[in-house]
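Undergrad: Sequence:
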Amino acid sequence: MRGADPLRRLERRISLRLDARRALRRLARSLPAIAQIVAGVVMAYAFARYVLDHELPIVAVTVTISALGFARDARPRRVLETVVGILVGIVVAALIVLAVGRGVWQLALILAVALIVARLVSASTGFAVAAAVQSMLVAVLPDPEGGVFERAVDGLVGGVVALLVTALIPRLDVLRTRGESRALFSLLVESLKGVAEALRRGDTAAAELALSRSRRTQPLIDEWTTSLESARAVAAYSPWLRRGRARLAAEAELLGSADLVTRHVRSIARRVEILVRDGLERPGLAHLLDEAAVIVEALGRSVDDASERDRARVLGLAMSGELSPDTVPGAVRVPDQVVVVLLRSLVFDTLIVCGLTRAEARQSLPPL
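When you line the sequence shown up against the UniProt record's numbering, it's residues 1 to 368, in that order.
It should be emphasised that the hints constitute simulated quantities derived from the structure, not laboratory data.
These figures come from a predicted structure and were not determined experimentally.
Don't be surprised by glycine CBs; every beta carbon is placed ideally from N, CA and C.
Certain hints may be false.
Unchecked claim - Have a look at the derived ranges for each label pair, beta carbon to beta carbon: (1) Val100 - Leu24: 50 to 58 Å; (2) Leu80 - Ala35: 19 to 27 Å; (3) Ala123 - Phe70: 20 to 28 Å; (4) Val100 - Val51: 29 to 37 Å; (5) Leu98 - Ala20: 49 to 57 Å; (6) Ile274 - Gly126: 38 to 46 Å; (7) Arg77 - Ser30: 17 to 25 Å; (8) Ala112 - Arg77: 24 to 32 Å; (9) Ser186 - Phe70: 19 to 27 Å; (10) Leu52 - Val133: 17 to 25 Å; (11) Pro366 - Glu253: 27 to 35 Å; (12) Leu80 - Ile34: 15 to 23 Å; (13) Arg245 - Ser30: 50 to 58 Å.
Whole structure, please, built from the sequences with the hints as guidance.
TA: Dropping the structure here:
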């Protein structure tokens, strides 16, 4: 038992260090959003307070914060949807307050009507929540000097500022998508290398680990998709990101290709996990998987260096000639040859990504 105590302490220290690193990474990713929110709130408050002379522009501030938020999806359309939801809640509450005043049952009525209208207007749950929260501010707080609809004006100010800030102070999603693409391709390469090692040693544990890694790729695909869509939407409006539009379009094409490659890697990992249960070593297939890992690694690097795509094409063409199920050393059984066929699909799609036509990619492969 005494020997276990140092291990537990070491485990706790490692866990604390990992938690600290995750917290710092989370903070670093949030810094652009923090700067955007702070700038937006200051602008909205200053305009409502000193230009419109509103004594207490609470709604202008809260609308700006709610519309911008920390969501990864910072598209102007999402911001606009949030702003509209907020304004719906404010206007509904203001009309009911004018008609029946304030009180407990009026509070229930305002909230119910705001939620009903919001659900009729939009299918987004965030839209309904935004409308409900702002309607409660109008219902609970006393009327400002300018009347109950002054808060609607403040809400409009906050919404306009949020949209302006989204376009003029982007969250650097152009850079964030690169991090997500690197993480995805790194995991794909690790999965392929793990599959190769499993085949080389006939190791079931290595195959299971590689399969587990390949299954962790879907969240990365989803995150990359969200960030890239957000970056392209912001770049369409922002004058500062015009130069990045072409690169984002190219990255969108690479994302589609990465999705295909990911599906192939998962299929290969699943097949190999079953195949190595017999404990046999398969160095011929392992060599092909090593080559596939190098090709996918080059494809991933093409996000930063376009010449890597040419390298991936050269490597893919060199490997394609080896992908005849009948000539791979040791691949004499049908289950082994299925892995070769799956590798053919991976190389075929990779060559198309690298600029070959479907006919050229098909011609590079030996006949089955």
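Undergrad: Take the hints in turn and mark each one as holding or not.
TA: The hints, checked one at a time:
no. : hint                        : result
1   : Val100 - Leu24: 50 to 58 Å  : holds, 52 Å
2   : Leu80 - Ala35: 19 to 27 Å   : holds, 21 Å
3   : Ala123 - Phe70: 20 to 28 Å  : holds, 22 Å
4   : Val100 - Val51: 29 to 37 Å  : holds, 33 Å
5   : Leu98 - Ala20: 49 to 57 Å   : holds, 53 Å
6   : Ile274 - Gly126: 38 to 46 Å : holds, 43 Å
7   : Arg77 - Ser30: 17 to 25 Å   : holds, 22 Å
8   : Ala112 - Arg77: 24 to 32 Å  : holds, 28 Å
9   : Ser186 - Phe70: 19 to 27 Å  : holds, 25 Å
10  : Leu52 - Val133: 17 to 25 Å  : holds, 22 Å
11  : Pro366 - Glu253: 27 to 35 Å : holds, 28 Å
12  : Leu80 - Ile34: 15 to 23 Å   : holds, 22 Å
13  : Arg245 - Ser30: 50 to 58 Å  : violated, 25 Å
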